[in-house]
Amino acid sequence: MSNLLNYVIFLPPLGALLCLVMPTRQLVKMVAVATTGVTLLLSLTMFQDFAWWQGDIFGPAYGDGLKYVSQVPWIWVSKDTAIQYFVGMDGLSFPLVILTTLVTFLACLASWNIEEWKNNRGIKGYFALFLLLETGMLGVFTALDFFLFYVFWEVMLLPMYFLIGVWGGPRKEYAAIKFFIYTLAGSVLMLVALVAFYFYAPEGHRTFDLIKMAKDPAIQSAFSSATFLWGLKFAPVMFVFLYIAFAVKVPVFPFHTWLPDAHVEAPTPISMILAGILLKMGAYGLFRISYPILPGAAVWAAYALALLGVVNIIYGALCAMAQTDFKRLVAYSSISHMGYVLLGMAIMTPAGFQGAMFQVIAHGISSPMCFFLVGVIYDRAHHREINRFGGLWLSMPIYGSLATLGFFASLGLPGLCGFIGEIWVLLATFSAPFTWAKPVAVAAAFGVILSAAYILWMIQRVYLGPRREEYANFPEATAREVFILTPFAVLAIALGILPQQTAFNFMNGTLEQITRIVAENGPKFAAMITGG
Amino acid sequence: MLVAGVAVPLVSFLLLALFGARLGKPASGWVATAAIATSCVLATIVLYQWHFAGVRPEPHVFTWANLGTIPLKVGVNLDSLTVIMFFMVTFIATWIHVFSIGYMAGHSDEVDGESKYHRFFAYLGLFCFSMLGLVIASSLLFLFIFWELVGLCSYLLIGYYFDKKSASNAAMKAFITNRVGDFGFIIGLGMVVLFLGDLTLDGAAKALRVQYAENGTLFAHSFLGLSLATWMGMLLFCGAIGKSAQFPLHVWLPDAMEGPTPVSALIHAATMVAAGVYLVARIFVLLTPEAQTFIAIIGCITLALAALIAIVQTDIKRVLAYSTISQLGYMILGMGLGAWIGALFHLLTHAFFKALMFLGSGQVIEGCHHEQDMRKMGGLRHKMPVTCWTFFIGVLAIAGAGIPMTQIGLGGFFSKDEILAVGWHRAYGQGEVDAAHEMEHAAAAMPGPWAQAQGAGHGAVTASDTPAGHGHEAAAGEHGEGHKVTPAWPAHRPGHWLLFLVPVVIAYVTPFYMMRAWWLTFMGKPRDEHVYHHAHESKLMYVPLIVLAVGTLFSSYFLFRPMVAEAVSEIGLQQALVASYDGGHHAEAGLAIDHDTHKYLSMIVGGAFVVGFLVAIAIYWNGLGLAERLARTFQPVHTLLVRKFYFDELYGAAFVGGVLVIKRLLYAFDKYIVDGIVNLSAAVTERLSRFAGNVLDARGVDGAVNGVGKLALELGGVVRTPQDGRIRNYILFALCGAGVVLLVVVRAWAS
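Line by line, the protein sequences give chains U and H. The first sequence begins at 1 in this note's numbering and counts up one residue at a time. The second sequence begins at 1001 in this note's numbering and counts up one residue at a time.
With the rest of the complex left out, here is chain U (with noise of 0.2 Å):
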């Protein structure tokens, strides 16, 4: 049993090898769904051991209540440290985990009809890449030391590039460089901050070990009284050089263009797990290495990432508001609604860290579901174009009412998944214990005006109006369709009713901790940071 997770991880790419070995092209997608449902049902048996109803399953302090750990030396790097093969799963993770399978599993549905793409450049290669995509994701979740996540983190860099830049559209090649790029330089910063992390521990506490970093006091005081170049304190700099390497990947205005021109240019089920986990693992990153080992540097930020989550919000919506291309418009939707986890972390409050985290969750259901409506048109039109379409309602029923439901849960409403994230982020900012966090507030509280604008012209112009001739013959969405859509309906509906039995009591053990720890050491650390 508690070599499940590791099963969970690494039967996908057992799934990509027999790919690249099945004979036709049939066997090839049946062994990549089979491989994606298998893991999915796999990650469900987990739920026994995080059932809600079990009260404080996390213990007592951060780390103590890990489910699934596995934990074994891997690399020795001195005679007593070793770079460790560390996964295991807590209420950051585990909803995370279950996210990722639920959704590749469906968006490998969703690449069902690879033949009929235009861009179709071979089926066995899109399926192992894929798979292999899976296993980098679910070990970004699960990787608990910080040298294991650096590897995942950058396994799964690589079949994305090939996934966008192979199998993408009419820019691909340009598409695919630039988010492998944007990532690259991200991620070699992380690399900085992994071996710097490493080495200014005092010696005897050195270790890659993400939990004992974040709960070591020895290492914690090193790291805020360091300085790191030029009398630069070794914390902030730090903190800059993750949230560099994160910020990419949530995306965070102004590093956020690689994302409409990947989205724009990536085929439907890429979009999916694009949005729908990629921009996750940013958000996982902040949550699991920045807040909980540099808690005094998350401090001294505070106010800059918040502003940052403000302008994604409004920038990011005005910039939708701005698109023709259907895909382009969900991609910058994408960023303004990231923004909201970023000003809910900003804050660090119990009810901020709920609601990014809930965010994370909410949009990971709602964002890979407007990105296969969209895909689901596309697959009949051939193009995007938004001021082309109308009267789709009219000609597809089922699926114009589907979409509804999906683009009013990404907009915000009450009573589906995306109000929950947006609203605790907002009353959180209001009760923050900052002074600049009242007007912060409501700046971001004029992002609902302006998600409720790009979302209803949008649907005004693509599903209402008059029936076109052009659209007039267009099939209901098949079942295939329907199926994969259902799921995420679902979730948006149930996670959106009840909040606290479908997300809050997996996560808010975890989420408290960590806020603990920054609460107790954050404004300690942070003194020492401007102080001296």
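Don't read these hints as lab results, they were simulated from the structure. Keep in mind that the hints are not guaranteed to be accurate.
[As the list claims (entries may be wrong)] Computed cross-link-like contacts, DSS-like style, restricted to lysine-lysine with a CA-CA straight-line distance of at most 30 Å:
id : chain 1 : residue 1 : chain 2 : residue 2
1  : H       : K1525     : H       : K1376
2  : U       : K79       : U       : K212
3  : U       : K438      : H       : K1206
4  : U       : K212      : U       : K124
5  : U       : K124      : U       : K67
6  : U       : K67       : U       : K79
7  : U       : K524      : U       : K212
8  : U       : K118      : H       : K1525
9  : U       : K438      : H       : K1376
[Claimed, not checked] With beta-carbon atoms standing in for the labels, derived distance ranges:
id : chain 1 : residue 1 : chain 2 : residue 2 : range
10 : H       : A1654     : U       : E385      : 22 to 32 Å
11 : U       : R516      : H       : E1214     : 26 to 36 Å
12 : H       : A1618     : U       : E385      : 37 to 47 Å
13 : U       : T324      : H       : A1654     : 21 to 31 Å
14 : U       : E203      : H       : V1740     : 23 to 33 Å
15 : H       : I1662     : U       : T530      : 41 to 51 Å
16 : H       : D1648     : U       : N120      : 30 to 40 Å
17 : U       : R516      : H       : G1676     : 22 to 32 Å
[What the hints assert, rightly or not] Per the computed footprint, the stretches of chain U lying under chain H, defined by three or more beta-carbons under 8 Å from a beta-carbon of chain H, are:
id : segment
18 : 61–68
19 : 342–351
20 : 384–394
21 : 402–415
22 : 425–431
23 : 447–457
24 : 464–472
We treat Cβ as the ideally placed atom computed from N, Cα and C, and that holds for glycine.
Once you've looked at the hints, dock chain H against the given chain U.
Chain H only, in chain U's frame:
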């Protein structure tokens, strides 16, 4: 039981959403009607038990989720106001459902022969669910959640004929305008969480009293000259400005008439738009005098603007829409003045007569084959007598018809009178008398409400605690337990004579434009043979009219007012910061204001409906001729009114245009500046890497990189693209960069 009443329409929605297409045309309508009728029966039982049998069930409350450390509670807010509102909504909704079955029968197949009929009733079910949820919500957060959901239903139903551009535009306008109001509401919610730490209505009210007694943050700090408590009230009220179509966000409601007429009757007249007033009634306990004045002013502007615009409208539904806005203005004004009972009383009576009139207009429109222009109607009394006379009852009710100095009259007569009476009292009533003295006097005269004890242990409220400008000391009557007395501020505010005068003048305008509409439609000679020829009425549609007309005639004074008055003591309105004029007066005591006021008022306004009617009849006796001559004489005024004071144009230019420009600018910034920098740095890097690759030519590294690249490419089973030379360079550069940085770090550590 009320929860069951809320759930039944939801079940109907789910049924219809999933299987509606299979149920087909009349069946799905009857399913929805049966559901809401069940709710109505449940509501009636609760009403009976509550009002007549005096049953007071224990409320159940449970925690929905935790916002940080604040538990968010879900529960049913059960008091007389809830019960009567619930009854009103279910009752009217039931009859509107019945009407809709008839109305939609001829409407649903317009779009490509494909039936959206079931969708209409599914949305109605969802609406009823959300509206009832809103009514019973006990916390501001849930109020907001259902608030948004009714907004969604409104959006879906306005846009029901979404193949029409105007309908989808109107739907979008409604939703976004409401969101502007919600923006304020969310900020208000944020302030409640921040300063009061409790989103339940009771909890927030209690916390506010503690703040007030201790001169807490909300009262001690101010922003732009107004205390934070005032801001909180005003911001929460912003939600109501949007939903109840108050100035300056009133622009969406007339456009919302693009929806099917039963929807206009149910959502955009009787229930949803009144939710704003209901909200103010619920947050009344949180309002400061300044916030109330703000509310009153907004209401006053709205009622005047809308009534004036209504004079020149020619579309029968738009006349009703503007009259709705105007009447909502009266309610909001009433709330702002402290006429809590009067405003809610007016809400309930208005729901009946406005639903009645909208359904009547629906009957007319349906009968005349979608002709909405009153100039083409006329003389319809012969063709649709039931509609004509039930509509007339509605006109009488909105005009406030009644016999002055007696208790005989229609709902609107009493409810509007009550609001105006409070306005009078506030403006002129004992203004010169020393305030403190007056309050003592009042306390002595009405021991119940004024002398209500403040929560134990909060001590006395002294004059120094009360904000300047309203520094009247609270009346200091002693209660049984010996606590000092609240409310903190006396209710009357001398000098607000405009808030009295304007509504009085508009009370003369209202009967005029309503009589004009009725006369143009039903009386006189037919002006368009074609329309007249087709006119007919249908039974399924006029039964609801009769029921609502009977309701308008009889139920209001005997049921509504006592229920509302009862609610005052139940929700502890005496705990409000500002005294309402109604505090604690029970039904048997009659109106809260002394009889003299009513006598004067009766003389001033009592006959208004007669005057208004006569003027309207005089002008429109012979059709449109005289009116057109008048319009020419007063050309500029007429144009201003026809253009609705140019609000749409103004907003179109200022806000919509502004956002469109900004979004374009920002996207250009994104595309050319942010991305430009990215591309530039990429180009520079590429050059640099070429230089590095060609000149330095680190063969070993290059070979290794090539190897890795090849391996990866082959692993993917990928045909190499011509561009991979660039990839190689990028990887190379990245690795070199990493190496350099690593070196720096190691050096930094070593030194």
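TODO: Would you list, in rising numerical order, the hints stated earlier that this structure does not obey?
DONE: 4, 5, 8, 9, 12, 15, 16, 17 and 18
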